[in-house]
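Peer 1: Spelled out, the chains give:
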Amino acid sequence: MTIGRDEVLHAARLAEIAVNEAELETLVAQVGRIVAYVEQLGEVTDDADASGFVAGPGEVRLREDEVRPAALLHPVADMAPEFSQGLFLVPRRGVMEEE
Amino acid sequence: MSAADSAREAAAALERCDALGLNATLHWSAELLDAQAAAVDRRAAAGEVLPLAGVPVAIKDNIVTADAPTTCASRILEGYTSPYEATAVTRLRDAGALIAAKTNLDEFAMGSSTEHSAFGRVQHPLDAARVPGGSSGGSAALVAAGAVPAALGSETGGSVRQPASFCGVVGVKPGYGRVSRYGLVAFGSSLDCVSVFGRTVEDAGRVLRAISGPDPLDSTSLAAPPITPGPAPADLRGVRIGLPREYFPADLDPAIRTALDRVAGAVRALGGTVEDVSLPHTRYAVPTYYIIAPAEASANLARFDGVRYGLRRIGPEGDVRSLYRATRGEGFGPEVRRRVLVGTYVLSAGYYDAYYRKAQRVRSLIAHDFAEVFASGVDLLLTPTTPTTAFRAGERTEDPVAMYLADIFVSAVNLAGLPAISIPAGRSAGLPIGAQLIAPAMGDERMIEVAAALERMVSAVAEVR
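In order, the protein sequences belong to chains A and B.
Our numbering puts the first residue of the first sequence at 1, with every later residue one more than the last.
Our numbering puts the first residue of the second sequence at 1, with every later residue one more than the last.
The shape of chain B in the complex, shown without the other chains:
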């Protein structure tokens, strides 16, 4: 298939998604797709080897592109178009991919349901009354709806794996530093990772291979080669999988427990071993995250001040401080304002030690838990990705802590900077369940290979009880 054909198919699929009211896209155009495809077809005709020739990839709208706006789903950036492109986007274009659409998200990637977008909530592709997860809900929904085979999202505290689980697609968070953050609008800089959705593990792996590797434009990118997963192994002999008991609480949804039992059974059937392990500080991951991430956000979002780009409002006093306050008060939505206020509070004089410094220490303990388990010889950890299937829209918007708990099984990985993947592992009442594999640092390739082996064994759509 030519890139031109691929572009036409992608445009038709995006039109269908928009007509269905998914609200997953913020910006796309058939003309842009056609222009990209024509260039890719010319390069291919000239003999250039393009590993992603004509593959349409959707991009979360907090990753900058120079030919379409980047809003971060915020009024404060309405109409903004970046004067440069993210490294991940540049590398996708270099590999021949077509940037299909910019996708809807929770404002500035702060949320777990994609209900906190200034441009309206994203619908779950299987049930319009439910959420697709978040914050990368638009990217997850487009992949789940079949509009694109892969999409970029971003993770600060599980924002790709959680929606991947809710929508029944694959979501891969690489180890911190394996993919450049250049051009990813900063939220929590010590946590942020460009991450990937795919219809299959192989699709996600191909995209990850194209975008990963060191980047001189990101001083925190690792001096390591691109993530290059091999094919799915025929068996898992010699592979030790740990089941952290803290991720299987007594009140875990029985269908999710059954789905994870099936995945563990597949590991054994392929010759691997499964054993119980413990990560004792797991319960502190969400509160630790909700100190560190808002603290970093409060600093990172200081740049949105109405001076250099984006929205400008001038308050009643008419001076520059009233410009800052009115612009930020009006431009940021409720969840962003809450988090910036919490972040400012925990960093303020008199509270820094009690909150921020304490959270940094607990973060060390959480990372140490993982390091100890992997040092004991366990190769990967297997957990549920989420404690529930996709919840109803509006169910958690009034209680921020209830919303935050949707990330209870995913946020520790970000605190520790580890790679992790969510793969579909069955359905409960028609809604997808995700299984998560967590790897040690630099274990991205092996994790993806094992996930591909399990993907073959575990039905993504079988109903479990």
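Next up, chain A with everything else stripped away, as it sits in the complex:
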């Protein structure tokens, strides 16, 4: 798969990352180089039924689904760019794009 401007801009939109025109050419070349490199996995013959491997315990232990107090050493209001009356403040939502 050849990576061009359209693919990089599409990924950037999905990832919610602003990319400016000045850096786009370099980004296209570098992302393209990485994707071309990882495509060598296509030469591996593997069992179509092979499942993905995940390290760690065979079964993830889930906690009880209950509300517990968070032991925070300082309030979230101290960390938030804008916080008021228990809410994180953001600008207006704007028009959602169809993607």
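Simulated from the structure, these hints should not be mistaken for laboratory data.
Backbone N, C-alpha and C fix where the C-beta goes; we use that ideal spot for every residue, glycine too.
It cannot be assumed that every hint is accurate.
Derived list of chain A stretches under chain B, where covered just means 3 residues or more per stretch with a C-beta under 8 Å from a C-beta of chain B [unchecked claim]:
#: 1; segment: 4-16
#: 2; segment: 29-35
#: 3; segment: 53-67
#: 4; segment: 79-87
Now the stretches of chain B that chain A is said to cover, found in silico as 3 or more residues with beta-carbon under 8 Å [said to hold, decoys possible]:
#: 5; segment: 73-84
#: 6; segment: 284-291
#: 7; segment: 302-309
#: 8; segment: 322-329
#: 9; segment: 399-405
Use these hints to put chain B onto chain A, whose structure you have.
Peer 2: The following block gives chain B in isolation, referenced to the frame of chain A:
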């Protein structure tokens, strides 16, 4: 020595490192060290048994602490201080250790040279023109410079063993799940491990013992006791060491080959046996890693959006999406943006099967290779940690794939979730060479014990050709 004396010594050593321009620390203060030391001395005076009383330990700045900022070397987290502490940090404090400094790293642990930090690159302690490796380069440099006897780093694809090799110190990656990930800022959750640097195998083992063990706050931590290595065995009779031929390619640096021959000779001299083995899917480890890790990163880093903490920028449209895009576009550095874009691309509609699902299958094959070799009776694998010694700063920053290949001998271990250790095994042109031991799952203790035995036999500083 009291903890107060230890704190004063650590502060003086950190000042020297900063004055030398290593750029290994991001946050530390003599006042914080003194306050911690006073508390430790009070606990010791009250009769509390503290296995790491007064031992200064540096912490990679992607492991959260509540009394100092955590930036992950990223502009997007500049000024952020966590409201809670990582389990590994809490356990170090419980054991009496002093949190000496937060250390510089590649942004969000993405890199192999610690050149991708928003706060400048870390210098190699032996040659300022070279890199210390990465991504835990600040922790490695501080241990190598003698500022602290041990430090925490993190591994997703070799980020402790590789800089340990470059800097001539010990680096231990425990098996996945043996140390809690709670409070380690997530990069690739199926790969991430809090890991340890030490001046010696024993130093690293003591720290690992303190921080390991199950944690209810991390649902992927294993229900296994803490890693408790015994003393170095007097001999290695009955121990079978495998040399995977894929880790010794024809074009391997001759000095590194010679250094590994010396380690294999030490195994034989101690009564162990050495044999050739094969891990046939080794060459696919780096490309597999560079699909899985960016894919997981693209999901994990979605939380940095300018809403709840950290940097906030609002773009020209003035709405919430322009807030996300401007914050992330400006807050993330070039390597993080590259990886998030690659991760997003390989997970996107139409490409998921060809890239991500395929990589998961190859990951299974890589893990199976290791399992087969260990099932054949081999106890540990011996390999070079890196294909070269520390390279020059700037040498690989323009070509991301050239940078990724610095991890060619370390990333398979993370994909398989296994324990591994790098120990110094000599020097070439004055630069350290590392030897890696890889163990089967739950083989952390034996691996560390064998490494301690080899450490006694193999000079860390002898020049090899």
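Peer 1: Which numbered conditions among the earlier hints are violated in the structure presented, ordered from lowest to highest?
Peer 2: none
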